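Chains as they are written, first to last, in our numbering: chain Y, 1 to 159; chain E, 160 to 531.
Treat the hints as calculated values from the structure; they're not laboratory data. Here the structure is a predicted model, which means the values were calculated and not measured. Even for Gly, the Cβ is constructed at its ideal location relative to N, Cα and C. Don't take every hint at face value.
Listed next, with one range per pair, are the computed distances between beta-carbon atoms [as the list claims (entries may be wrong)]: (1) Y:Y146 with E:R456: 25 to 33 angstroms; (2) Y:S50 with E:A308: 44 to 52 angstroms; (3) Y:D20 with E:H211: 13 to 21 angstroms; (4) E:N400 with Y:K11: 31 to 39 angstroms; (5) Y:K147 with E:E253: 43 to 51 angstroms; (6) Y:K156 with E:K331: 37 to 45 angstroms; (7) Y:S50 with E:T195: 24 to 32 angstroms; (8) E:T216 with Y:E150: 24 to 32 angstroms; (9) Y:T4 with E:D403: 56 to 64 angstroms; (10) Y:W137 with E:R309: 29 to 37 angstroms; (11) E:K344 with Y:N8: 31 to 39 angstroms; (12) Y:T4 with E:N400: 42 to 50 angstroms.
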Amino acid sequence: MEITEIYNKLKKVFGDGIGDLKTDLPAYPFFFADASKINAVSLFLRDEESLQFDNLSCLSGVDYDKDNLAVVYHIYSYALKHNIVVKCIVPKSAPVVQTVSDVWAAADWHEREAYDLIGINFEGHPDLRRILLSEDWEGHPLRKDYKVPEFYNGMKVPY
Amino acid sequence: MAELRTEELTINMGPQHPSTHGVLRLVLTLNGEIVTNVKPVLGYLHRCFEKHAEAMTYPQVIPYTDRMDYLNSMSNELAYVLAVEKLLGIEIPERVEYIRVIMAELQRIASHLVAIGTYGNDAGAFTPFLYCFMDREKVLELFEMVCGARLLYNYIWVGGLSHDITPEFITKTKEFIKYFRPRIKQVNNLLSYNKIFIERTANIGMLPQDVAVNAGVSGPTLRGSGVKYDLRKEDPYSIYNKFDFDVCVGTGEYGTVGDCWNRYIVRAYEMEQSLRIIEQALDSIPEGDVHSAVPKRVKPVAGESYVRTESPKGELGYYIISDGSLNPYRVKARSTSFCNLSVINQISRGHMIADVVMILGSFDIVLGCIDR
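Isolated chain E, as found in the complex:
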């Protein structure tokens, strides 16, 4: 009999692969079924955002930010606009701030629904995926009502918003909150506390706290490791300091704090908190004109600003340098998924190939955000 071959095997996962959530290529080195090394290869979706931004005026960059993390356009716009406004030093009407928070939180729900749905899909559970997308559809309908677009909005402007919200939007949003609360429980029953799902995710891909902080991991991925840190609480931007909500962390209810299940469950918890914020904002929203502070010409003085925001996926920052002209001198996007993904090699080693799929899904990456 010929001798058994025991050398390590290198295989490609992606760039075309359903569970890499986009065009990500992972070069896996395998010892049988066990992963010994993961080498991510990025750049398949690189669209030169930062180079483009230098050739645009400040407001013209906003549609480009939409296309970074395309499941999360509102938060991208918000982060960029806050950085520009910091350079300009302008005062924003209170109504605008309220509407921005409502939109950002609705977007967080939509983004988390995709994360949860596709994560279930990764594990082989197709039904929760359909439930999640049905509910996300309702959020998209709200966005469509307010600005006409469903995915890429160009809604948040420097100094204001493109459209004011209507009383109908407020009624519909309240209806949505009432409808959606029980649906979170339903998804939890279908997926989160499902025995098979827990077996697939608990105690897989342990990410210790110190490694997470050192590697710049943020958002639900960081909180899944038990770090109680949310920029909306710790470094409040916009008007987040006015609202009462809890920062959710992985509790180790199943598995261990820092594993895939705990990263996943933080998102399910956070949707409830987002609903709370939206409720409070809708109840206390003041009157005002959403266009009153929009500058005719956005021309900040020379200087620089760096603003960090808590996007659904984590810390999204924009570093903008102005040289006093109409175009930004440099725009650097500190992308969330880019930093989160960088720990994958460290925490995947020693697991099975099938577990790499679950680990990758638990980061909730979007390649538009990584490759920019």
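Same shape as in the complex, but just chain Y:
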């Protein structure tokens, strides 16, 4: 199914929970979704008979612009072989996105990674801990304004 068709279907069910559809940029078309509705949207995408998005291919945290962070979902259907890209934009002051780890188990570790490196909090995640960095690391390195700390546990970091 084409992304416009999927988009219209979602728009009908979720109304304002689904934002604009962007098709003008190079490469992939994508649409925005509300960060506080993404769980229900995902569940609908997975369980609706005509969509059957059974696989979350990739989940990425992005430092979107000066004030916002984003979570990008690349979702795929093994059953029907179509894919879509969904984005959730959240402000840096309150970076909270609903978890989708109960919809796709693949999201579990990806969300932990986005929390670790970008600092997005996933509401409802069963085990939101750092995954790649050590537990006592401070800050989220993939933020554009991240400054490398001078010391980590008494060891000098920049060399």
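Assemble chain E onto chain Y, guided by the hints.
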């Protein structure tokens, strides 16, 4: 007599442990010899690939991708380069595409040989390990002939390749194919159909299809569960649609579809298919200049691309956001082993400690790819 202690025991497997295939730490909770929980602890090999990439120009990132899954450098480069080329929207000479496919398939054989060899080693069979590494050496010699490096190549460039292949390379590769076909049978006889090996792997670590798909498992691990899905067939990139090959799945010849043995055997089958692809590519490779499409300056317009490729270990994706400058704004690597490993807790529970070693080996993980 003092009372028997029956509480659960927590032990560390790794980060320094020969059968975790690198610096992976598994925190095992045990009830006697039975595993009740596995908690993987990652990050011991984290090298900030994604942060580094933001400070580099697009071509400068390629050597970093080499070091992600270091047994599989060619496929890493290919995936990254395809994503950049998609952003640039450039046309690639046909000869370049052919050579890329040949390299990616040779790399698949090399990677699978390490997987099979070390898996035998995990089970206590040391001889197949030596056989596999002898043959892998021959693939590495081919790579060395074409670009001078044996492990980390920086061979596939945006728009082209660093070096063209020579007629000598073609002869040597054909010789290798002739030599290697019977060797696959030999390894199968030594290891795959070995009674002891089958006892260790059959019906261990069952991964049902729906769990695999839901958890984002891909590659031989997914096909071992009987899902006939290969990105080279289903979503062809480069020129894979021109070649005739079969997608191999676990058949349940021994054990049950979805167990360790079936995940393992998919790799043994796939080496034969890779040989078929290489043969076809060598026979029909066109003439051309491998540098003609290499851009002087890689500066894509603002936009984003996501490319998924079938690396030897599974679905390897690169998500690249460009803001129109010389450096990528964001590079996210969708690492194969990262997703594959995430099911280990679910499928290890209830097995023995020794089986955890076999389950982990059957995923064919590389920690460079997981930790990035």
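Checked hints:
Against the hinted window of 25 to 33 angstroms, the Cβ-Cβ separation of Y:Y146 and E:R456 comes to about 28 angstroms, which satisfies the hint. Range check, Y:S50 to E:A308: Cβ separation about 49 angstroms, and the 44 to 52 angstroms hint holds. The hinted range of 13 to 21 angstroms is not satisfied by Y:D20 and E:H211, whose Cβ atoms lie roughly 33 angstroms apart. Between E:N400 and Y:K11 the beta carbons are some 34 angstroms apart, a value that agrees with the proposed interval 31 to 39 angstroms.
Judged by the Cβ atoms, the range 43 to 51 angstroms given for Y:K147 and E:E253 holds: they are separated by roughly 48 angstroms. Our hint of 37 to 45 angstroms for Y:K156 and E:K331 is violated, since their Cβ atoms are close to 50 angstroms apart. Our hint of 24 to 32 angstroms for Y:S50 and E:T195 is violated, since their Cβ atoms are close to 41 angstroms apart. Checked against the hint of 24 to 32 angstroms, the C-beta distance between E:T216 and Y:E150 comes to roughly 28 angstroms, which is consistent with it.
Range check, Y:T4 to E:D403: about 35 angstroms between beta-carbon atoms, so the 56 to 64 angstroms window is missed. At about 35 angstroms, the CB distance of Y:W137 to E:R309 agrees with the hint of 29 to 37 angstroms. A hinted range of 31 to 39 angstroms for the beta carbons of E:K344 and Y:N8 is inconsistent with their spacing of about 55 angstroms. The hinted window of 42 to 50 angstroms between Y:T4 and E:N400 is violated, with their beta carbons roughly 26 angstroms apart.
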